[in-house]
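If you're matching positions, the sequence shown starts at 1 in our numbering and goes up one per residue.
None of these hints come from the bench; they were simulated from the model.
Glycine is no exception: its CB is placed at the ideal position from the N, C-alpha and C atoms.
Treat the hints with care, as some may be off.
Below, in silico cross-link-like pairs of lysine-lysine (DSS-like), each with a Cα-Cα straight-line distance of 30 Å or less [as the list claims (entries may be wrong)]:
hint: 1; residue 1: LYS124; residue 2: LYS28
hint: 2; residue 1: LYS204; residue 2: LYS124
hint: 3; residue 1: LYS28; residue 2: LYS3
hint: 4; residue 1: LYS167; residue 2: LYS192
Cβ pair distances, simulated, as ranges [what the hints assert, rightly or not]:
hint: 5; residue 1: GLU108; residue 2: ASP163; range: 27 to 37 Å
hint: 6; residue 1: ILE75; residue 2: LYS236; range: 36 to 46 Å
hint: 7; residue 1: ASP259; residue 2: ASN131; range: 25 to 35 Å
hint: 8; residue 1: GLY19; residue 2: LYS236; range: 15 to 25 Å
hint: 9; residue 1: ASP223; residue 2: LEU130; range: 20 to 30 Å
hint: 10; residue 1: ASP9; residue 2: ASP163; range: 15 to 25 Å
hint: 11; residue 1: GLY77; residue 2: LYS171; range: 34 to 44 Å
hint: 12; residue 1: GLY191; residue 2: TYR245; range: 19 to 29 Å
hint: 13; residue 1: PHE242; residue 2: LYS149; range: 35 to 45 Å
hint: 14; residue 1: LYS175; residue 2: SER154; range: 23 to 33 Å
hint: 15; residue 1: PRO26; residue 2: LYS124; range: 14 to 24 Å
hint: 16; residue 1: ASN201; residue 2: ASP17; range: 25 to 35 Å
hint: 17; residue 1: ASP17; residue 2: LYS196; range: 18 to 28 Å
hint: 18; residue 1: GLY191; residue 2: MET1; range: 29 to 39 Å
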Amino acid sequence: MYKVTASTDGTKRIDFDEGYVSVIIPTKNDKYAVCVSCQIGCPVECKFCHTGNMGFKKNLSSEQIVDQIKAAEEIIGKPPYSVVFMGMGEPTLNFNNVIEAANNIHNEFEIAYRRITISTSCFKTISKLLNIPFNVAVSLHSPFDKVRKSLIPSTISVKSIVDFANKYHRKHPRKEFMVEYALMNGVNDSGKDIRKLFSLNWPKKTSFNFIEFNDVGNFKRTDRDTIFKFKNAAIKAGYKSFVRYSRGADISAACGMLDYK
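From just these sequences and the hints, can you work out the full model?
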């Protein structure tokens, strides 16, 4: 069983009785994406994420993950166009269930591999993602190790992430490697951050998603002019770049705002 809450911007939050959450996000041409959870809570404890601040409860089974897509199909009346593992939890810490669920979603709902994305906060377990058929996204959030570790305490180094990106590119030369970067005022949004970020040896088929942050604790959103400075710098450096605007903040369904009841 689940409860649906609708945002004024069309986003829908699905709260399941067991305590996990998924989000339906409208996209172009009457399509939609589903942001799924793979755990209840999260053991990573990212300091800027409400889910991480609530602690870890349990891994979800592959069936519970697939149930999130079934619920979205019931609510909307058709299957999603794309699925992102960017809700509660760290996919590489529930890897077998995540990959089983992603394969079942691909087969049951006929969603192409390229439209299913597995996102990671980057642990030593990142190497598990090298051989999967799905898209891979990394949560970077700072090009500086000291800052990044203050945000994500148990992460690997930035150099290790860039090295993985290049290994991924050699293994999958036609696929884009996705970097997620939530911009926080006074934390990771300076000119110094821009210069360092694009001095790193990213493969040319890297795409950067600059995320409009949703205020959590003492971390505050940067302004849109600054977000576009990062986007334009990425384009100037020869990379694809996108801005991901906040959606569903009024119902606690936006990036970094998911919690369990």
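Against the structure, the hints:
no. : hint                        : verdict
1   : LYS124 x LYS28              : violated, 36 Å
2   : LYS204 x LYS124             : holds, 24 Å
3   : LYS28 x LYS3                : holds, 25 Å
4   : LYS167 x LYS192             : holds, 27 Å
5   : GLU108 x ASP163: 27 to 37 Å : holds, 35 Å
6   : ILE75 x LYS236: 36 to 46 Å  : holds, 41 Å
7   : ASP259 x ASN131: 25 to 35 Å : holds, 33 Å
8   : GLY19 x LYS236: 15 to 25 Å  : violated, 44 Å
9   : ASP223 x LEU130: 20 to 30 Å : violated, 37 Å
10  : ASP9 x ASP163: 15 to 25 Å   : violated, 38 Å
11  : GLY77 x LYS171: 34 to 44 Å  : holds, 38 Å
12  : GLY191 x TYR245: 19 to 29 Å : holds, 23 Å
13  : PHE242 x LYS149: 35 to 45 Å : violated, 26 Å
14  : LYS175 x SER154: 23 to 33 Å : holds, 27 Å
15  : PRO26 x LYS124: 14 to 24 Å  : violated, 36 Å
16  : ASN201 x ASP17: 25 to 35 Å  : violated, 47 Å
17  : ASP17 x LYS196: 18 to 28 Å  : violated, 45 Å
18  : GLY191 x MET1: 29 to 39 Å   : violated, 50 Å
In terms of the numbered hints stated before, the structure departs from hints 1, 8, 9, 10, 13, 15, 16, 17, 18, listed from lowest to highest.
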